[in-house]
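With the hints as extra help, turn the sequences into a complete structure.
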Amino acid sequence: MSNTITLTHPTGVLSGTINLPASKSEANRALIIAALAGGHSTIENLSEANDTQLLNRLLQSDAETIDAEDAGTVMRFLTAYYAITGQQKTLTGTDRMCQRPIKVLVDALRDLGATIVYLGEEGYPPLQLQGFAYSGEKHLKVRGDISSQYISALLMIAPLLPDGLVLELEGKIGSRPYIEMTLALMQHFGVSGNFEDNRIVVPNQSYSPATFRVEPDWSAASYWYSMVALAREADVTLPGLKKDSFQGDSAIVDIMRRLGVYTEFTPEGIRLTKKHCEKKVAFDFTNCPDLAQTIVALCAALGVTLEMTGVESLRIKETDRIQALQIEVLGMGASLDEMTPGVFRMEPAIITKRKLAFRTYQDHRMAMAFAPISLLEPVQIQEPGVVRKSYPRFWEDLEKVGFGVVRN
Numbered sequence: 041m042s043n044t045i046t047l048t049h050p051t052g053v054l055s056g057t058i059n060l061p062a063s064k065s066e067a068n069r070a071l072i073i074a075a076l077a078g079g080h081s082t083i084e085n086l087s088e089a090n091d092t093q094l095l096n097r098l099l100q101s102d103a104e105t106i107d108a109e110d111a112g113t114v115m116r117f118l119t120a121y122y123a124i125t126g127q128q129k130t131l132t133g134t135d136r137m138c139q140r141p142i143k144v145l146v147d148a149l150r151d152l153g154a155t156i157v158y159l160g161e162e163g164y165p166p167l168q169l170q171g172f173a174y175s176g177e178k179h180l181k182v183r184g185d186i187s188s189q190y191i192s193a194l195l196m197i198a199p200l201l202p203d204g205l206v207l208e209l210e211g212k213i214g215s216r217p218y219i220e221m222t223l224a225l226m227q228h229f230g231v232s233g234n235f236e237d238n239r240i241v242v243p244n245q246s247y248s249p250a251t252f253r254v255e256p257d258w259s260a261a262s263y264w265y266s267m268v269a270l271a272r273e274a275d276v277t278l279p280g281l282k283k284d285s286f287q288g289d290s291a292i293v294d295i296m297r298r299l300g301v302y303t304e305f306t307p308e309g310i311r312l313t314k315k316h317c318e319k320k321v322a323f324d325f326t327n328c329p330d331l332a333q334t335i336v337a338l339c340a341a342l343g344v345t346l347e348m349t350g351v352e353s354l355r356i357k358e359t360d361r362i363q364a365l366q367i368e369v370l371g372m373g374a375s376l377d378e379m380t381p382g383v384f385r386m387e388p389a390i391i392t393k394r395k396l397a398f399r400t401y402q403d404h405r406m407a408m409a410f411a412p413i414s415l416l417e418p419v420q421i422q423e424p425g426v427v428r429k430s431y432p433r434f435w436e437d438l439e440k441v442g443f444g445v446v447r448n
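Going by our numbering, the sequence shown opens with residue 41, and the numbers climb by one from there.
It is worth saying that the hints were derived from the structure and are not from the lab.
Take these hints with a grain of salt, some might be off.
Unchecked claim - Below are the SDA-like pairs computed for lysine to any residue, each with C-alpha atoms no more than 25 Å apart in a straight line:
1) Lys440 / Thr51
2) Lys178 / Thr155
3) Lys395 / Gly444
4) Lys181 / Asp203
5) Lys319 / Glu273
6) Lys319 / Thr345
7) Lys143 / Gln363
8) Lys283 / Thr345
9) Lys282 / Thr155
10) Lys315 / Gly442
11) Lys282 / Asn327
12) Lys283 / Asn244
13) Lys319 / Ser285
Now the structure itself:
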């Protein structure tokens, strides 16, 4: 794996057809539900993302110690899966994963009857799962502003509980579309749930094996939107994306309409072309936090003033994404400051004629968010191999549409 990659822009029009990787959000939920349905389901177009391939392997593993590596959904979904199925496992991950909190999920599973022991610091992996004896508890209260992965993990095991589960989300709900995606996938496999206001009810039921085809990843599409916004001329087609997507990151369509990209939905997918770009925008990323890095990097490059909210969860991702963004946009002449609690403002960049270098902080989205800036100036990306987490072919796809890609 090379330590850096240098990107230069295509010489002509940015155009081509890009087959995006499948959604790991959909794929990872489908894999867990299929396992809970008895393992006779068919998941088509399974994501090539490392997170998904890892989960697929681990679900078939008989090992006592399970390494979730740096994959948040794998750690959280498997914690609930092993708990409800009564498996005795030790669940660990990378150093960074063992710094990411899991107490909310563990507390909830303990309330339901799981025996889970922390092997290191209280509230963090590694975990030892020692079995499950139903407590009779069927009503849980969980904060709504925590990672939606905790909530999804609980929902997917809910129908297997003898009395089902009533989940009451307290306060503001973050990443609501991801919770709705989980319920929609559960429905596809024969389980009904009701999500009304801040209350989710899932009765005791059985999953039915089914065939499910995973949609291409809207998060991956966001980087192509950014490239179109920064190109002089562009005409890019992304097959397979649908208007009525389960994925919350399909919000990129409306966001990018203000930042210079028009989306045309066709029977094959979407076609992206350029339009007028606004100079000052404000976005709430509560329902689509994974888009924030793309938009920060893009606005810095476009010279657009950005105000953003709903990014609290970014501090506990693969890295502290807020801090990483603050550091990296400084190198472009931009500033990203927290004006009041939860409200961030970025003043535009002044890009000079020089090669820009960006660190990735072991975070795939940092690499892909800053790569499109190479349409303006040569860009060096450090540790480019991080893209394997969600979009392993990213650099090859850039080469296909004419980017200069030099691995150092």
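TODO: Sort out whether Thr345 lies within 25 Å of Lys283, counting only the CA atoms.
DONE: violated, 28 Å
Task: Pair hint Lys395 and Gly444, alpha-carbon separation not exceeding 25 Å - done: holds, 14 Å
Task: Pairwise hint evaluation, Asn244 against Lys283, where the allowed Cα distance is 25 Å at most - done: Roughly 32 Å separates the two Cα atoms, so the pair is violated.
Task: Pair hint Lys319 and Thr345, alpha-carbon separation not exceeding 25 Å - done: holds, 6 Å
Task: Given hint Asn327 paired with Lys282 - CA-CA distance at most 25 Å - done: holds, 18 Å
Open item on the list: Next pair to validate is Lys315 with Gly442; report whether the Cα-Cα distance is within 25 Å.
Closed with: The hint holds at about 22 Å.
Open item on the list: So if I understand the rule, the pair passes when the alpha-carbon distance is 25 Å or less; does Lys181 with Asp203 pass?
Closed with: Holds, at roughly 16 Å.
TODO: Sort out whether Glu273 lies within 25 Å of Lys319, counting only the CA atoms.
DONE: holds, 19 Å
TODO: Mind checking the alpha carbons of Lys440 and Thr51 for me, to see if they're no more than 25 Å apart?
DONE: holds, 13 Å
Open item on the list: Can you confirm whether the C-alpha distance between Lys282 and Thr155 stays at or below 25 Å?
Closed with: Cα-Cα ~42 Å, so violated.
- [ ] Given the hint that Lys178 pairs with Thr155, test it: the Cα-Cα distance must not exceed 25 Å.
- [x] holds, 17 Å
- [ ] Decide if the proposed pair is consistent with the structure: Lys319 and Ser285, CA atoms, cutoff 25 Å inclusive.
- [x] Roughly 29 Å between the alpha carbons, so the hint for Lys319 and Ser285 is violated.
When each numbered hint is compared with the structure, violations occur for hints 8, 9, 12, 13.
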